[in-house]
Every structure is written in structure tokens, then in C-alpha cells.
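**Student:** Residues per chain are reported as follows:
2 protein chains.
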Amino acid sequence: MDRTNSRDRELRERAAAVIPGGMYGHQSVGLLPDDYPQFFEKGEGAHLWDADGNRYLDFMCAYGPNLFGYAHPEIDAAFVRQLGLGDTLTGPTGLMVELAEALTGMVAHADWAIFCKNGSDATTMALTTARAHTRRRVVVRAKGAYHGALPWCTPRPAGVLDSDRSHQIFCDYNDVASLEAAVAEAGDDLAAIFAAPFKHDTFVDQAEPDVAYARKARELCDRTGALLVVDEVRAGFRLSRDCSWSRIGVQPDLSSWGKCLANGHPLSVMLGNDKARKAAASIFVTGSFWYQAATMAAALETLRLVRDTDYLERITALGEALRAGLAERAAAAGFGFRQTGPSTMPLFLFDEDPDLRKGYCFSSEMLNRGVYVHPWHNMFLCAAMTEADIAHTLDAAEASFAALKRQVRDLAPVEKLAFLSAGAR
Amino acid sequence: MDRTNSRDRELRERAAAVIPGGMYGHQSVGLLPDDYPQFFEKGEGAHLWDADGNRYLDFMCAYGPNLFGYAHPEIDAAFVRQLGLGDTLTGPTGLMVELAEALTGMVAHADWAIFCKNGSDATTMALTTARAHTRRRVVVRAKGAYHGALPWCTPRPAGVLDSDRSHQIFCDYNDVASLEAAVAEAGDDLAAIFAAPFKHDTFVDQAEPDVAYARKARELCDRTGALLVVDEVRAGFRLSRDCSWSRIGVQPDLSSWGKCLANGHPLSVMLGNDKARKAAASIFVTGSFWYQAATMAAALETLRLVRDTDYLERITALGEALRAGLAERAAAAGFGFRQTGPSTMPLFLFDEDPDLRKGYCFSSEMLNRGVYVHPWHNMFLCAAMTEADIAHTLDAAEASFAALKRQVRDLAPVEKLAFLSAGAR
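If you're matching them up, the sequences are chains A and B in order. So in the numbering used here the end of the first sequence lands on 425, straight run, no missing numbers. So in the numbering used here the end of the second sequence lands on 1425, straight run, no missing numbers.
Just so you know, not all the hints are guaranteed correct.
Partial selection, computed: residues in chain A whose CB lies under 7 angstroms from chain B [as the list claims (entries may be wrong)]:
1. 97
2. 156
3. 161
4. 286
Calculated lysine-lysine pairs in the PhoX-like style (CA-CA distance at most 20 angstroms, straight line) [claimed, not checked]:
5. B/1143 x A/278
6. A/42 x A/143
7. A/416 x B/1278
8. B/1143 x B/1042
Here are some chain A residues the structure puts well away from chain B; computed CB gaps all over 12 angstroms [as the list claims (entries may be wrong)]:
9. 14
10. 34
11. 121
12. 187
13. 225
14. 376
15. 394
Treat the hints as calculated values from the structure; they're not laboratory data. All C-beta atoms, glycine included, are put in the ideal place defined by N, C-alpha and C.
This is chain A alone, in the form it adopts within the complex (with noise of 0.2 angstroms):
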């Protein structure tokens, strides 16, 4: 390869004497191809370069947050105008107000909101209110789903109490009758179902949300009187201009928003109908930075951009075209390839491939012809692609495909992904 990383190692050098493990959380390259580096310098619409300078299509948007591009103009023009006038204030502006109703407009089951920073902050806030409103312990979720990393719901426990984890019964995702024997479990303690609007997990093919599994979850919470929460912070706003169970008509009482809600500032919300409003308000959650006005500046400027543009739908046939031209250069070389979850949130693995050799030696290929993809996390389509970023990814793939094929006999194995194969994840 003749991409540099003497100062990707340089940083790395230091980050291990001041950062614990070198790096921490989802954005630590310790999982990633040796090659993948993991400091950067810049972002520019649909590119990222790395700290020795190198320039990548893109595919993550920072997991998620890049939705209209980084360093999109009127976004963060509108973001520098509100801090010069003020953000952090010692109590909110009438943004947080304009802010509120420009959701509760745009979701139908929202009546409210409140707003925090974490994706995790507002999937608590919804556990806690759901516990609120009906005096009951219990959270019915799917095996396998992320929720956030705070104790509760954080996927590598280290450090975290039983007490933390307790009255949580877990499901099969699109399961109905795991579901129903989840909420049968329960018994007359249901406080809440936890969906995520599809099934986007790590390192397995992801899965669009079944209809009768929803609809089983809607009819479930309304028999028992739990609360249904949707948790839309990975998906929002890539899938629909609403709650994204919308498109099968199931509408939550609680959904949980951030990544790109603000299109890379700090943001995220708990929206809610008005059955919970009275437990929403009586819960006590709060935050220094939570009613900053810059940010909510910001949201107000993306949240126009998905209103008025017809963003969704030019990510949405980006993402079938880039679809459509992997599985013909995959066929083409012989590779069994599954492309799954929705086109704009795609995520692909090789067949017989067990340890990810194969998916880690294409993302290589791929990171080298300067196209940033993902071995076993769904990527992420932004507005900044054009089509002919999809046509230099295709490319790319083709070639990617190709150096696989003449390497794919000698794969050494992936040691630091051997858990997978153990059946350990």
C-alpha cells in the first residue's frame, strides 16, 4: 500500500500513555484491519481524510451523525451565528420551543420532547418514564440490539452489577412468539418493549422489521399497558421523514433520536405522545450542556434540510445503485456476498467467512483505492454522495474483489476476531 501512517502511529504512541487501551468505545479502530487508521484530520461532504492526510469516500459518517455532509455550510453557519449570540446560557432559549415543535410537527406519534446529548441519555429517559407511567419493572428487549452503553444496556458488562441488568427479559428480534413469551414472562410487570426500527447488530446480516412482529408489540403494550418505545437514534431519519415504523404503520408511545439529528453537533431526544407525558414530566434528568442553543440552531437548519430537500430519496437510490453494482462485481468474481438492512444503511459479509478474513481483506482493499467501508458494522449513505462516488466505489469494488480472489486462499486468520468463530459474540 502507499498510503502513509507514520503520524497515525505517532498519535497512537501517545494516546496509549494518556488513553486507556489506547482508545475507547465504537470509534476505537481495535477491532478494524490493522491498516484502518485511527486518527483523522478533516471532513468535507462525503470525505473524511485521515492524520497522515489521506482521503476516504466516507461510509460510516462518524456511525451515523453525517447525514447532509461534514462541514455542511448552512448547517454549521446556522450552528456560528447561535454561539456568537449565545449557547450555553444559564437557562434555554426559545430555540429549544422552535425546536419542539418542529419535531412534534414531523413525527406523528410525538406530542413532546426533551432533549439531552447521548443517544444513551434518551433511551434511559425512556426506560424511566415508561417505569413512571406505569409503575411496573420490566423492559422486554431483543438479544442482540443495542440500546446505548450505560450499565443497563452497555454490550460488554466489565464493571457493570446484576443489579444494574435486573428485570430485563430478552427476545428473538422478528420472533412473535419469543416476544409473546418475553411479555408473558413478565407477568403484570411489563413496564416497556424496546424494538429497534430494524435489526442492525453487529457481525451478523441485518433484518428489516417484520410486520406482524411490530404490529404483535403495539397489540402486546396496548393489552398489558406498557409503553412500546421505538429507539431510532441509529436509524432516524434515514429510513423515513417520521418514526420509522411508521412505514408499516405501527407508532410507538416513546422514541429515542441522535446521531444526525443535528447533523454532528451533540443532540438527541426522547419524543413522546401525551399518554406519558405526565410520567415524562415527572422524572428528574438533566445535564450541563443539555439546553445548549447552538446546537439546537443547528437541528432546526438539518431538520429544514429533511423537510424541504428530497435528501431521503437521492441516499435511498444511492444506496440500491451501490447494492445492485456490488452483488454483479461479487457474482462476477465468485463470491457469495449478502447486502442487507436498508439501502441506506447497508451492511455486507462475505459467505464462509466465519472469522471475517475475507470482509476484512476487502475493506483493505477497499481503505487502499480510498473507499472507507465497514467489516461487520452497517454503514451509513449521507446526502453528500453523488453518483459518481457510488461509480468510484464500484470501481473500487471491482478491483477489491478481484485482489481478493488472488489472495483469498492465503488469508492468515483474523486472531482478534477468533471469538466469532468460538461463537463467543
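Based on the hints, put chain B in the right spot on chain A.
**Tutor:** Frame of chain A; chain B shown alone:
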């Protein structure tokens, strides 16, 4: 009063429709005098404008985040410069490493840093790290101390389960015997002792940390292998350029910081020593915006000002002048007036004022004279304040004490603070 509030009233009406209870969290004015504005539109230096354009000298400083002045030119320029380059990307920038180096260089006990967004993120991470390190469960903390608003620590536990709050034992701040008893009760299951840097509870007099108490906390942790956590979220950099217990010779293993770390831009951090590094690397914590680069650029500029200016000496001197001047004017007017806590984070309460009717009246009189003070929460000084601002505040206070004296016999009970006299809080 001659302040207008028509815009505030209009916003409150609209907010009542789309925000549960009209407002939530610590920036709700629900427990402030009725004439306090809920909505603001501008901040500059030490001043704040409400939604109707009324201007105040602001002694709340956004409840802490404003340390160097609202809309600080250099800090916000650093933010905006980085925003144009790249903010929330698919990975961190080198600024994260620089910032971790800057913090570990300034804070004596710190060998590493993990950045996050809310103060609650940092305190919760500290708890999880301590539990991972010790493989034990119990945290000992002081009754009434605020460590965030997640289920395990929120002061108003609607919707929270007993299991969310299990394995916590409470002691009285500054009471060595009570601390020892709590630790004894924890037995061999003690994971951490949490400590506020001083007692900064709401509604009651503040208290500086007792040296014997702080040393005992350290000694008990050393003896049991538990970790000592000092929660500097609220007080950080207003008492010291280091962890504030350094001043009394006690170093924690972990500390949590937030609020003014980036002068109002959303950032918090857990700092820790080498003993806790492996445990910190083992926990899974993350957030969509935790790697945001522009905020780290703002924090680096904030830390430069912390290191290179005499802001701390200046705000301390201003706080002392304010305290002396208020004491003199209160005495002259014949009021028993208690000022407690550090001079840079003052709280004042009137004698014989169980439902705070005197405090409410005085605060409203100050507000009418363009000075925003708080009747029951500690206040904050910032480096944008001047001697002239303090002189103006003392003039306003002299007039407000006189106005209070005229009204004091006829003050109505403060219904919304009736819980204070009832001892319910």
C-alpha cells in the same frame, strides 16, 4: 417592576404544549421566584439577556460552564476553526491526545483521560471503573451530594427502581465517624468512596472539606483496596488548577470533570491514575459525540487560559470582595445572612427563613436591579467579571436589603418551597 416579560410568557405557553411540564432539569425555573425568566437570548462575558432583552450580571454562569465569559473570543475562535476542518468524524483527531496530555499534565493524580459529554457520564464511568477494578459492588457517598441525574444517582427518583440504586451506602459529609461506619457496613464489598470536593448541596449551607475527613477517605480506600473518586464536575478549576483536594494533600484515584472544561462547549472527562488504568480499559463506554474535535479545540484553549492567566486569583479576590461587601450591607440592614462555601462558588441564605421567603424576595429585588442571583443553589463567579461588576452588585444588594426590610413582615409563604419547612427534602 419595569422589566417586560411578554416574550418569556409566550414561550412558556408554547413550551407547555411541547415539553413535559414546560421545562425539565436544573434549568427549569419551577422552584425559583415567579418573576425569574425561563428563556434567554444572549450571553456575552459576564452578562446574560433574557428573551425579552433584559440584561443581567449573571452569577449562575450557566450553572458552571461559563468560566471565562460567554462567547469568549479566543475559545470560540478555536472551536469554529476546528469546526471548519472537522468535528464529529468517523474517528477522533489528534486533539483528543493533546487534550489528554494537557489534563494529565495539569492534574496531579491523573495518568490518563476518557472523554464524554455529561457530568453524569463521567461519574457513572468512575463507578463502573471502580467496580471493574475491585470486582466489588458498594459505593459509599454522602447524603444529599449531587453526582448526576442517571437512575443510580438522580435526586428525584421517579421511574427509578430500587435495583438501580442498590449497593450504595450513605454517610454524612465531613463526618469521619459516619464515613467509617459506612465503610464498615460495606465490609469486603467496598468498590469506591465518592466525594464532592466540598459540600455543595442545594438549600443548605455549604461546607469546605474537613482535612481529617478527606484523609480518612484516602486511608480507608488504601486499607480496603477501594478507589477514591473526587467529583469535580461542578467545582473543577474554580478552586484550583489541579484536583481541588490537592490543596489539602489528598489525591484521588479517579476524578470526574465537566461544566467549564471547554467553557460551555459540551465536554466532560474521567481522569484516573495508573492503578485504575487496566479497569478503565476494560469497561465499554461510548457516545455518538464523545470524539467531537471542535469541543476539544475549545477545551485546549480553555486549559491554556487556566494555566497561563491569573483568572483564579482574580475570581477569588472578586468573590472575597463580594462576600465582605454583602456581609457589611446585610449587617447594616440588620439581617442574619450566611455566606458559605468557596468565595468563587458562593451560596447565601438568610437566618430564620425556613421556606426561603426572605431569600426569594431578596433575589427578586436583585433581579430587578439587573443582577441574577440564586436563592438556594450555589452560584459561580467567572473571569469576565470586574471590580465594577462587584461594585454594581453591592449597590444592588444595598437597595435590595432595604427593599426586603420594607416588605419582610408581610412576605407571603413560598408555597412551592413548603417542602423545605416540612422537612421533606
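**Student:** With reference to the structure, classify each hint as holding or not holding.
**Tutor:** Each hint tested on the structure:
1. 97: Holds, about 5 angstroms.
2. 156: This hint holds: residue 156 of chain A lies near chain B, its Cβ roughly 4 angstroms from the closest one there, short of 7 angstroms.
3. 161: holds (6 angstroms)
4. 286: Hint on residue 286 of chain A: holds, closest Cβ of chain B at ~3 angstroms, below 7 angstroms.
5. B/1143 x A/278: violated (28 angstroms)
6. A/42 x A/143: Violated. Residue 42 of chain A to residue 143 of chain A sits at ~36 angstroms, over the 20 angstroms cutoff.
7. A/416 x B/1278: Since the Cα atoms of residue 416 of chain A and residue 1278 of chain B sit roughly 19 angstroms apart, the hinted pair holds (cutoff 20 angstroms).
8. B/1143 x B/1042: The hint is violated at about 36 angstroms.
9. 14: Violated, because the least Cβ-Cβ distance between residue 14 of chain A and chain B comes to about 5 angstroms, which does not exceed 12 angstroms.
10. 34: holds (15 angstroms)
11. 121: violated (7 angstroms)
12. 187: holds (16 angstroms)
13. 225: holds (15 angstroms)
14. 376: Label holds. Min Cβ-Cβ 15 angstroms, cutoff 12 angstroms.
15. 394: holds (21 angstroms)
When each numbered hint is compared with the structure, violations occur for hints 5, 6, 8, 9, 11.
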